[in-house]
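Student: Sequence:
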Amino acid sequence: MQARGSYNAFPSCLLRLTLLQSGRKKGYDEKVDTFQAMVLDKAEDQTKLELKQLHLEDLSEGEVTVRVAYSSVNFKDGIVALQNQFVESYPLVPGIDLAGTVIDSSDERFKAGDEVIVTSYQLGTGHSGGFSEIARVPAKWVVPLPEGLSLRESMILGTAGFTAALSVQRLEDNGLTPEQGPVLVAGATGGVGSIAVNILAKRGYEVVASTGKTNEEPYLKKIGAAQVIHRNDIIDAEQRPIREEKWAGAVDPVGGKTIQYILSTLKYGGSVATSGLTGGVEVSTTVIPFISRSINWLGIDSVECPMDQRVNVWNRLAGDFKPTSLHDEIVNEISLEQLPEVLARILEGKVRGRTLVKL
1 MQARGSYNAF PSCLLRLTLL QSGRKKGYDE KVDTFQAMVL DKAEDQTKLE
51 LKQLHLEDLS EGEVTVRVAY SSVNFKDGIV ALQNQFVESY PLVPGIDLAG
101 TVIDSSDERF KAGDEVIVTS YQLGTGHSGG FSEIARVPAK WVVPLPEGLS
151 LRESMILGTA GFTAALSVQR LEDNGLTPEQ GPVLVAGATG GVGSIAVNIL
201 AKRGYEVVAS TGKTNEEPYL KKIGAAQVIH RNDIIDAEQR PIREEKWAGA
251 VDPVGGKTIQ YILSTLKYGG SVATSGLTGG VEVSTTVIPF ISRSINWLGI
301 DSVECPMDQR VNVWNRLAGD FKPTSLHDEI VNEISLEQLP EVLARILEGK
351 VRGRTLVKL
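With UniProt numbering applied, the sequence shown corresponds to residues 1 to 359, in that order.
In case anyone wonders, no lab produced these hints; they're calculated from the structure. Glycine is no exception: its CB is placed at the ideal position from the N, C-alpha and C atoms.
Below, a list of computed lysine-lysine pairs in the PhoX-like style, where the Cα atoms sit at most 20 Å apart:
hint, residue 1, residue 2
1, Lys140, Lys111
2, Lys358, Lys52
3, Lys257, Lys267
Restraint-style ranges between C-beta atoms, simulated for each label pair:
hint, residue 1, residue 2, range
4, Glu57, Arg240, 53 to 63 Å
5, Glu333, Ser292, 45 to 55 Å
6, Asp320, Ala139, 27 to 37 Å
7, Arg240, Pro144, 41 to 51 Å
8, Ser284, Ala43, 34 to 44 Å
9, Glu348, Lys48, 15 to 25 Å
10, Asn312, Glu348, 30 to 40 Å
11, Ala139, Gln227, 44 to 54 Å
All chains, please: the whole structure from these sequences, using the hints.
Tutor: In structure tokens:
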């Protein structure tokens with residue numbers, strides 16, 4: 001990962017000295033020579049994911065250098081690291097989320113000692129990502145850690161939590177209230193699903209959680225689900241465009257035949273927020289539920305979400321949207337060395353809740 005842009009002309013020894021001096025002003029004893037990172041590389045059409053020692057000049061360019069405290073594991077990370085989708089260039093440090101402390105910044109908005117969050121954009125796909133003890137990122141991607149969240153909590157949330165919160169906000173912006181009836185959450189044991197269940201329950205909604213893991217019913221009820229149903233109950237196997245009205249709203253990180261079913265069962269004026277594709281990208285429906293029930297199909301994009309909206313959602317995650325289950329029920333913590341195994345398990349649908357990578 002050769003650095004690109006202005007950092008090519010900035011000698012690594014000078015940058016290390018700058019980081020050391022900047023850190024000492026804030027009470028750090030920060031000497032950055034080498035650090036560990038999980039690196040995805042490709043040679044002769046063969047890819048390899050392995051833990052390596054890197055130097056600062058190995059990282060992508062950016063104005064803000066961060067000592068990473070935590071990253072997190074998302075379904076997209078598995079797709080990048082093991083299926084090599086979305087990868088723009090090799091070698092690459094994957095990891096679409098990170099939280100940590102600024103140790104150097106050429107952008108006046110950030111200074112050494114600031115605690116920050118970076119998620120989405122090209123992080124971990126076209127730019128060195130969060131599975132690294134040190135990260136260097138563009139300042140325009142950086143969100144100051146909101147008051148009310150710790151660095152660890154921010155990565156328990158991560159892109160999954162941000163996506164869940166953005167989904168709930170969009171549903172409420174389109175008129176959803178608890179009095180209108182039950183809200184369905186598909187893929188409820190996943191990262192987006194688990195956090196959506198908890199946020200909705202905290203806000204007074206009757207949450208119906210769908211999962212293929214029948215043994216997880218106690219977990220889902222503990223985090224707020226009023227009812228747990230099997231995922232096969234919400235799959236459109238008959239290609240029916242309209243069914244009995246059931247849901248005032250829905251959070252859909254699944255797609256495919258699941259969203260087909262949801263669209264056919266939304267109540268009049270109801271909305272579904274779709275953010276994922278674990279169930280497939282192809283959807284077959286008709287205009288009938290849209291024009292006969294005035295429903296809304298809301299697309300949720302966490303990657304290029306504008307910064308003003310991004311900051312607002314993170315502030316809500318530190319406030320009225322903050323889940324009640326951030327420390328026990330939905331969290332598993334691992335090291336960089338354990339990462340490849342967990343990435344494989346998340347693609348197999350065997351990971352519950354959120355997995356943190358502690359750097």
